[in-house]
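Those sequence lines, one after another, are chains A and B.
Per the numbering used here, the first sequence starts with residue 437, numbered consecutively.
Per the numbering used here, the second sequence starts with residue 437, numbered consecutively.
Simulated from the structure, these hints should not be mistaken for laboratory data.
These figures come from a predicted structure and were not determined experimentally.
Mixed in with the good hints there might be a few duds.
Identical copies look the same in the list; a pair holds intra-copy or inter-copy alike.
Distance condition first, Cα-Cα at most 25 Å in a straight line; then the derived DMTMM-like pairs of lysine to aspartate or glutamate [unchecked claim]:
id, residue 1, residue 2
1, Lys506, Glu702
2, Lys654, Glu547
3, Lys520, Asp617
4, Lys478, Glu514
5, Lys747, Asp508
6, Lys747, Asp642
7, Lys747, Glu514
8, Lys520, Glu728
9, Lys478, Glu519
10, Lys633, Glu547
11, Lys654, Glu728
12, Lys683, Glu619
13, Lys645, Asp617
14, Lys612, Asp499
15, Lys520, Asp723
16, Lys683, Glu514
17, Lys720, Glu514
18, Lys683, Glu519
19, Lys683, Asp521
20, Lys645, Glu746
21, Lys478, Asp521
22, Lys720, Asp616
There are 2 protein chains.
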Amino acid sequence: MQSSRREILAATAALGAFMAAPPARAAAPQAGQQAPAFYRYKVGSIEITVVNDGVSRMPITDDFVGNASKSDVNAALEASFLEKDFYAGPYNPIIVNTGAKLALVDTGTGETGFQSSKGLNGRLLLNLAAAGFDVKDIDAVIISHYHGDHINGLLKADNSLAFPNAEILVPAQEHKFWMDDGEMSRATKPRVVFGFKNVRRLMTPDILKRVRTYDWDKEVIPGVTAIATPGHTPGHTSHVVASGNSKVYVQADVTHAPFLFARHPEWHFMLDVDPVAAEATRRKVYDMLVAERMLVQGFHYPFPAVGHVEKSGSGYREVLVNWNPTI
Amino acid sequence: MQSSRREILAATAALGAFMAAPPARAAAPQAGQQAPAFYRYKVGSIEITVVNDGVSRMPITDDFVGNASKSDVNAALEASFLEKDFYAGPYNPIIVNTGAKLALVDTGTGETGFQSSKGLNGRLLLNLAAAGFDVKDIDAVIISHYHGDHINGLLKADNSLAFPNAEILVPAQEHKFWMDDGEMSRATKPRVVFGFKNVRRLMTPDILKRVRTYDWDKEVIPGVTAIATPGHTPGHTSHVVASGNSKVYVQADVTHAPFLFARHPEWHFMLDVDPVAAEATRRKVYDMLVAERMLVQGFHYPFPAVGHVEKSGSGYREVLVNWNPTI
Chain A
437 MQSSRREILA ATAALGAFMA APPARAAAPQ AGQQAPAFYR YKVGSIEITV
487 VNDGVSRMPI TDDFVGNASK SDVNAALEAS FLEKDFYAGP YNPIIVNTGA
537 KLALVDTGTG ETGFQSSKGL NGRLLLNLAA AGFDVKDIDA VIISHYHGDH
587 INGLLKADNS LAFPNAEILV PAQEHKFWMD DGEMSRATKP RVVFGFKNVR
637 RLMTPDILKR VRTYDWDKEV IPGVTAIATP GHTPGHTSHV VASGNSKVYV
687 QADVTHAPFL FARHPEWHFM LDVDPVAAEA TRRKVYDMLV AERMLVQGFH
737 YPFPAVGHVE KSGSGYREVL VNWNPTI
Chain B
437 MQSSRREILA ATAALGAFMA APPARAAAPQ AGQQAPAFYR YKVGSIEITV
487 VNDGVSRMPI TDDFVGNASK SDVNAALEAS FLEKDFYAGP YNPIIVNTGA
537 KLALVDTGTG ETGFQSSKGL NGRLLLNLAA AGFDVKDIDA VIISHYHGDH
587 INGLLKADNS LAFPNAEILV PAQEHKFWMD DGEMSRATKP RVVFGFKNVR
637 RLMTPDILKR VRTYDWDKEV IPGVTAIATP GHTPGHTSHV VASGNSKVYV
687 QADVTHAPFL FARHPEWHFM LDVDPVAAEA TRRKVYDMLV AERMLVQGFH
737 YPFPAVGHVE KSGSGYREVL VNWNPTI
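Based on the provided sequences and hints, a complete structural model is requested.
This is the structure we're talking about:
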C-alpha cells in the first residue's frame with residue numbers, strides 16, 4: 437500500500453521534533469553593540485552619506501525652553517514615545533561627494549564627544565571609517581555655525597587636525613561674530629559666553645590657516661549653496677545641495693530635534709543666541725519646505741535624518757524617508 | 437608695535453584661501469551602494485537584531501486593495517511622500533538571541549529575491565553576514581505564516597538549507613492549511629493558488645525533516661510566545677518577545693506596510709486570504725498597541741521597523757524609534 441503525500445507530510449512533521457534536533461552547541465554570544473550608522477542617497481549626480489555622530493543625553497533643565505515649562509517638554513517627549521526628563525538629541529553630519537569634491541558638512545562633537553553624554557556621541561570618525569571614508573581624502577569641511585557639536589570635531593583629542601587635507605569653509609557672518617573681541621566682551625548669557633570660549637579654544641593656528649569664509653547666497657563648493665538662516669546663531673547657515681532636477685535642504689539647526697522644535701516652532705531653545713529671530717527663520721523655512729514638499733536633511737533629526745515635513749497641529753512633523761536598500 | 441590677536445586672526449582668515457589650498461588629488465570615488473541594514477536593541481536580557489531583506493517594487497494593480505481604488509492608494513502614497521503607482525514594501529526578519537537560543541523570525545524572499553524586484557530584495561544573507569551572524573549558528577527559524585516573503589529564504593538558490601542547523605518552527609494551524617490537499621483543491625483566488633504551489637515547492641524533504649509545529653498561546657522558544665492573529669492567512673501568527681519587564685509585539689503582517697494599511701485599517705489587501713478576518717484582527721491588535729503604548733516590530737515597516745503606534749485620523753500611524761547608537 438502506498439502512503440499518500442499528505443500522510444507522509446503529516447508523519448514527517450510530527451516526527452520532526454525528534455529527528456531534527458541539532459547537536460548541542462554553545463549559544464551564540466550577543467553582539468552587545470549597535471550597527472554602524474551611515475546612510476547614502478543621491479541628489480542628481482551627487483552622492484550624500486549621512487554619518488551619525490551619536491546622540492546627546494542631557495537632563496531637561498528648567499531653562500531648556502525659554503517660553504515653555506519642563507512639564508510641557510516632557511509632554512512632547514511622551515507624545516513621541518521618548519524617555520521623559522532627558523533630551524536625547526541626535527547629531528548627523530553629512531558627506532557630500534560631488535565627484536570632484538569630497539566635503540563634510542559639520543563635524544559633530546569631536547573624537548571624545550561631550551563628556552556629559554560619555555560614549556553616546558563622538559562617533560563620527562568611527563562611522564566615517566565604517567562607511568569607507570579616509571579622513572585624508574576629505575577636501576573641504578563646510579561649517580554651518582560655531583556651536584561645539586558642529587565644530588569640535590575639527591580637532592582630534594590630541595588637538596591635531598581631524599581632516600588634515602581639508603579647507604575649512606565657514607560662514608563669514610558667523611566667523612566675524614564669534615571672533616570679535618567686542619562681541620565676546622558684551623556676551624552675558626552663560627551659554628553664549630561658553631560658546632565664545634569654546635570657539636577661541638578651537639581656533640588654533642593650524643585651524644585658522646585652513647579657514648576660508650564664504651558668503652550667503654553663493655556656492656560654497658560647486659553644487660552647495662549657502663542660505664542665510666540666522667537666529668540660532670548670528671551667522672547660522674543652511675545649505676542647498678542641488679544637482680540636475682534634485683535638491684535637498686540641509687537645515688543645520690533651523691530646528692533642533694524636530695520631535696520638540698518642529699512640533700513646537702514657537703519654543704525658544706536655550707542655545708538660541710536670538711530666539712525671536714530663530715523662530716522667525718524656522719517658520720519661514722518650514723512653511724517653504726511644506727509648500728515645496730522639499731527633501732530636508734536635519735542635523736538633529738533622528739538618523740538617517742533625511743525626509744520631508746508636513747503641517748501637524750500648530751507646528752510641523754518630519755516624515756523620514758523609508759530606508760532604501762540601493763541608492 | 438604688537439598686532440592684536442583679533443588683527444592676526446582676521447588677516448589669517450583672509451589669507452587662508454591662498455595659503456591652505458591642498459595639493460591637487462584625485463577625487464574620492466562615490467561608493468555607489470547602501471550601508472548594510474541591521475539594527476539592534478534589547479528586550480530585557482534578550483538581544484534583538486533587525487536584519488533587512490530589502491524592499492519590493494510592485495506596480496499598484498487595480499486589485500491591490502479590494503475595497504479601495506488605485507487613486508486612493510496613490511493618495512496614501514503621496515501623503516507619505518512616496519512614489520506613486522508603485523508599492524515599495526520593506527521586508528524585515530529579526531534575530532532573537534536569548535543567550536541560550538539564536539532564532540530567526542521569518543526568512544525574507546530568499547537568496548535570489550523576487551525576480552519582479554530584482555536586486556532590491558533577497559538581501560537577508562548579506563545583511564546577516566554584515567551583522568556578524570554565521571547561518572550555521574542559527575538554532576531555530578520561527579515562521580509567522582507561509583507567504584513567500586516569510587518562508588522562501590529557508591532554501592538557498594541551489595535548494596540547499598539556508599540555515600543547516602536550525603529547527604523550523606511553524607504555526608500548527610498554518611502548516612495544516614497549506615499542506616492540506618483538500619484546501620488546495622478548493623482554492624480559487626489566483627494568489628492563494630500560487631501560495632499553495634509555492635509552499636509545496638518549498639517543503640522539500642530536507643525542510644520537512646526539520647519542521648516542528650507550535651501552538652498559539654504557548655512559548656515557541658523560551659521568551660517567545662505565539663499569538664493567534666488569523667485573517668491574512670488562516671494560521672497567521674504574531675509573537676511576543678518578553679524578558680524581565682520588557683516586551684515587543686512582533687506583528688508579522690497584521691498590517692502590511694503601515695503607510696498604507698495602518699493608516700487605512702479598513703483596506704482589504706490583495707494577499708489577505710480572509711480580508712474581513714484580517715481587518716478584525718488588525719483593529720483589535722492596533723487598539724491594544726495604542727492602549728498599552730507597546731513596542732511593535734513590523735515585518736513590513738520601514739527599516740529598522742520597530743516603534744510605537746498612535747491613533748491618526750480614522751486609522752493608526754507608526755512612530756519608529758529614534759536610532760540608538762548604543763544598545
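Quick rundown of the hints versus the structure:
1. For the identical chains of this complex, Lys506 and Glu702 are intra-copy neighbours only, at 15 Å inside a copy versus 39 Å across copies, given an alpha-carbon limit of 25 Å.
2. For a Cα distance limit of 25 Å, the shortest separation of Lys654 from Glu547 qualifies neither inside one copy, at 31 Å, nor across copies, at 48 Å.
3. Taking the shortest alpha-carbon separations for Lys520 and Asp617, neither the intra-copy value of 39 Å nor the inter-copy value of 55 Å comes in at or below 25 Å.
4. Taking identical chains as interchangeable, the C-alpha atoms of Lys478 and Glu514 lie at most 25 Å apart only when they sit on different chains, with a minimum of 20 Å there against 34 Å within one chain.
5. In the homo-oligomer, the alpha carbons of Lys747 and Asp508 lie at most 25 Å apart both inside one protomer (20 Å) and across protomers (21 Å), since each shortest distance falls under that limit.
6. For the homomeric pair Lys747 and Asp642, neither the shortest alpha-carbon distance inside one copy (45 Å) nor that between copies (54 Å) is at most 25 Å.
7. When the C-alpha separation of Lys747 and Glu514 is checked against a cutoff of 25 Å, the pair qualifies both within a copy, at 20 Å, and between copies, at 15 Å.
8. For the identical chains of this complex, Lys520 and Glu728 are inter-copy neighbours only, at 17 Å across copies versus 34 Å inside a copy, given an alpha-carbon limit of 25 Å.
9. Proximity of Lys478 to Glu519 under the C-alpha cut-off of 25 Å is restricted to the inter-copy arrangement: shortest distance 16 Å between copies versus 34 Å within a copy.
10. For a Cα distance limit of 25 Å, the shortest separation of Lys633 from Glu547 inside one copy, 19 Å, qualifies, whereas the shortest one across copies, 56 Å, does not.
11. Proximity of Lys654 and Glu728 under a CA criterion of 25 Å is satisfied intra-copy only: 21 Å inside one chain copy versus 51 Å between copies.
12. Taking the shortest Cα distances, Lys683 and Glu619 never come within 25 Å of each other, neither inside one copy (36 Å) nor across copies (53 Å).
13. For the identical chains of this complex, Lys645 and Asp617 are intra-copy neighbours only, at 19 Å inside a copy versus 79 Å across copies, given an alpha-carbon limit of 25 Å.
14. With identical chains, the CA atoms of Lys612 and Asp499 are never at most 25 Å apart, being 28 Å at best within one copy and 62 Å at best between copies.
15. Taking identical chains as interchangeable, the C-alpha atoms of Lys520 and Asp723 lie at most 25 Å apart only when they sit on different chains, with a minimum of 24 Å there against 29 Å within one chain.
16. Taking CA atoms no more than 25 Å apart as the test, Lys683 paired with Glu514 passes between copies only; the shortest distance there is 18 Å, against 33 Å inside one copy.
17. Taking the shortest alpha-carbon separations for Lys720 and Glu514, only the inter-copy value of 23 Å comes in at or below 25 Å, while the best intra-copy value is 27 Å.
18. For a Cα distance limit of 25 Å, the shortest separation of Lys683 from Glu519 across copies, 16 Å, qualifies, whereas the shortest one inside one copy, 34 Å, does not.
19. Only between protomers do Lys683 and Asp521 lie at most 25 Å apart by alpha-carbon distance; the minimum there is 23 Å, versus 37 Å within a single protomer.
20. Neither within a single protomer nor between protomers do Lys645 and Glu746 lie at most 25 Å apart by alpha-carbon distance, with minima of 43 Å and 52 Å respectively.
21. Taking the shortest Cα distances, Lys478 and Asp521 sit within 25 Å of each other only across copies (21 Å), while inside one copy they are farther apart (37 Å).
22. Taking identical chains as interchangeable, the C-alpha atoms of Lys720 and Asp616 are never at most 25 Å apart, the minima being 29 Å within one chain and 62 Å between chains.
The earlier numbered hints that this structure contradicts are 2, 3, 6, 12, 14, 20 and 22.
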